[in-house]
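**Q** The lines below spell out each chain.
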Amino acid sequence: MRRRKFLILGILPAIFLMTFLFVLPSLWGIYSSFTNMALLGKEAANFRFLGLENYIKLFKDSSFYTSFVNTIYFVVGSALIGQFLLGLIIALLIDYAEKKKIPGRGIVYGIVLLAWINPTLIAGFQWSAMYDYYYGTLNKFLNLLGIQKINWLGTMPMLSVIVANIWRGTAFTMLIWLSALKTVPLELYEASKIDGANAFNRFRYITVPILRDIITVNLIQITMATMGAFLLIWAITSGGPGLKTTTLSLFAYRTAFEAYRLGYGSAIAVIMLIINLVFGIIYIRLFRRR
Amino acid sequence: MKKSEFFKYFFVFLWLTFILAPYIWIFITSIKSYDELYTFPLKYLPSKPTFEGYKLLIETTPFLTYMKNSIIVAIFTVTIALFVAILASYSFSRFNFKGKTPLSFVFLVTQMFPAILLAIPLFLLMRNLKILNTPFSLILAHSTFAVPFTTWMITGFLKSIPRELDEAAQIDGCTKLGVLRHIIIPLASPGIIAATIYIFIYSWNEFLYALTFTSDIKARTIPVGLHTFMGEYIIRWDLLTAGGIITGLPVIIFFMFIQRYLIKGLTKGAITG
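Quick note, the sequences are listed as chains A and B, same order.
Using the numbering used here, read the first sequence as starting at 1 and increasing by one per residue.
Using the numbering used here, read the second sequence as starting at 291 and increasing by one per residue.
Just so you know, these hints were derived from the structure itself, not from any lab.
Please note: incorrect hints may appear among the correct ones.
What the hints assert, rightly or not - Pairwise CB distance ranges, derived in the manner of DEER restraints:
hint, chain 1, residue 1, chain 2, residue 2, range
1, B, Glu457, A, Gly196, 30 to 36 Å
2, A, Glu98, B, Phe300, 17 to 23 Å
3, B, Met546, A, Val76, 33 to 39 Å
Said to hold, decoys possible - Facing chain B, a subset of chain A residues (Cβ under 10 Å, in silico):
hint, residue
4, Trp28
5, Ala164
6, Gln221
7, Leu248
8, Val270
Claimed, not checked - Some chain B residues flagged as far from chain A (calculated, every beta-carbon gap over 10 Å):
hint, residue
9, Phe296
10, Ser323
11, Pro336
12, Ser337
13, Glu349
14, Thr355
15, Ile361
16, Ile362
17, Thr391
18, Leu422
19, Arg453
20, Asp456
21, Ile475
22, Gly521
C-beta: ideal position from N, C-alpha, C; glycine also.
Throw the hints in and build the complete structure from the sequences for me.
**A** Here it is in structure tokens:
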């Protein structure tokens, strides 16, 4: 009986928070995507149920397709290839330095986290100052090397925002991996070293299986965070030039909060949710316990 | 030095340069004088470095109020979310109960909901609770959004702790709560620290809810406060960059504080384990 009581007490606060601040509001949000609700004006008070009209309109909207494709580039480029892979490499390097007690590892750790603790808005300005054609740090540097200036945001806007997002977000994956690596019992590595396994195989067959759950959650978290990132892109390019860096979250934000079309904006957000679910299912399948 | 060693150092060096490079501009700009910021042609380096921007920021803007609000919101969010998440992860990792799978699924799915979808319903909810423009609204919202991910993360860490340790402690006369306090938390401390840092940074940087729930200057947090330095016609680079530098300070202090616990937790874990 004690066991049950403890269990209920343990899970109850979480259930309470989730029900009232997450489940119910999100149902309301999904409902609003089927209406012509607006943020201001007469539709704000008297809205109508439209059925699937918002979604039909969305699928005919060419900006939607552009933002959809941009979102996929942005997520795959900055979350998967960038943050995940690079974050893992840096974590392994710092872990290595910790095990070998190489001096300076604490400072390296601190600097790596520096980009992440920065307010996103500032990070955005920092990068627009890096990329600026006339006064940007990058072109100043190229100038020193005697190389022609490059119009970063004009010729490669997507790559530019991807690099900025890698800069901002990689530390998070590093943090998770670094803590996770500490929980793998050292004896397991020792045993496999005796068996003659190389570093890659040790990682593949010992570290990954033990950390499976953490890897899945980390991948889901960075994918969803990247999917939802709008402030960084907004500060660097405002989604331009044209629609070249407009992702779905920027598109949804613009629609709901700048054009005040709440229902239509919610429909975009619901599509984002569906994309997130697809990514989530892929990750869970990939790292499922066999 | 072996070739592979060299590459390791070289990669770390490149990464540090990558991280630090954007800070060059923010620091240089923060010590430029006001005139120099807006005269053309712009110069990259300041001719007379000054801390005028910092002074203006603290004396003429409500930046310290923003900072106080951010600290209150972040600290309460960390406390509440961590408490809720540790209890929930303990239940998830150690007990089997009806509805565990659907519940953990709900937790996972929460991560997938775009914040934009919830901004308006939560705004209406906070308005009905009459807590708009107070730290409570942000503490509640931030905690709710931090709990699912943190729970999953800590559950992952708890699962990697062998159950035999709990059983051994229970045989020695430890209660369930005792096991959690004396065995699980110390052993999972790297994970719990990572979770703490995550919650803190999330709350510290969160923008969308902070923007929608607070319209009163007295209740604004730093990200929204900095946003107000961007006027319609002019961006106050001096205030923004000085603010950017100062915002990092409490976080660095927080890290130093937490890292001491990390080391303590690790050695404690080694003794018990």
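**Q** Does each hint hold? Answer for all of them.
**A** Here's how the hints hold up against the structure:
Taking 30 to 36 Å as the suggested C-beta distance range, the pair glutamate 457(B) and glycine 196(A) conforms, at roughly 34 Å. For glutamate 98(A) paired with phenylalanine 300(B), a C-beta distance near 19 Å keeps the hint of 17 to 23 Å intact. Between methionine 546(B) and valine 76(A) the CB atoms are about 36 Å apart, so this pair conforms to the stated range of 33 to 39 Å. Satisfaction of the interface hint for tryptophan 28(A) is found here, the shortest Cβ-Cβ separation to chain B being roughly 4 Å, below the 10 Å cut-off.
Interface restraint check for alanine 164(A): the shortest CB-CB distance to chain B comes to about 8 Å, inside 10 Å, so the restraint holds. A least Cβ separation of about 6 Å between glutamine 221(A) and chain B falls short of the 10 Å threshold, and the interface hint therefore holds. A least Cβ separation of about 8 Å between leucine 248(A) and chain B falls short of the 10 Å threshold, and the interface hint therefore holds. Satisfaction of the interface hint for valine 270(A) is found here, the shortest Cβ-Cβ separation to chain B being roughly 7 Å, below the 10 Å cut-off.
At the 10 Å boundary, the C-beta of phenylalanine 296(B) stays outside the reach of chain A, the nearest C-beta of that chain being 13 Å off. Annotated as non-interface, serine 323(B) keeps its C-beta farther than 10 Å from every C-beta of chain A; the closest such distance is 17 Å. Distance check for proline 336(B) against chain A: the nearest CB is about 13 Å away, which clears 10 Å, and the non-interface claim stands. The non-interface label for serine 337(B) is consistent with chain A: the shortest C-beta to C-beta separation is roughly 15 Å, beyond 10 Å.
Interface exclusion of glutamate 349(B) from chain A stands, the closest Cβ pair being 21 Å apart, more than 10 Å. Distance check for threonine 355(B) against chain A: the nearest CB is about 16 Å away, which clears 10 Å, and the non-interface claim stands. With a least CB separation of 14 Å from chain A, isoleucine 361(B) remains clear of the 10 Å interface cut-off, as annotated. Its beta-carbon lying about 17 Å from the closest one in chain A, isoleucine 362(B) satisfies the requirement of being farther than 10 Å from that chain.
Its beta-carbon lying about 12 Å from the closest one in chain A, threonine 391(B) satisfies the requirement of being farther than 10 Å from that chain. Every C-beta of chain A lies more than 10 Å from that of leucine 422(B), the closest at about 14 Å, which supports listing it as non-interface. For arginine 453(B), the shortest C-beta to C-beta distance to chain A comes to about 14 Å, beyond the 10 Å cut-off, and the non-interface label holds. At roughly 12 Å, the least C-beta separation between aspartate 456(B) and chain A is larger than 10 Å, which holds for a residue marked as non-interface.
With a least beta-carbon separation of about 13 Å from chain A, isoleucine 475(B) lies farther than 10 Å from that chain, consistent with its non-interface assignment. Taking the minimum C-beta to C-beta distance to chain A, about 14 Å, the non-interface status of glycine 521(B) holds against the 10 Å cut.
Going through the hint list in order, the structure satisfies each hint without exception.
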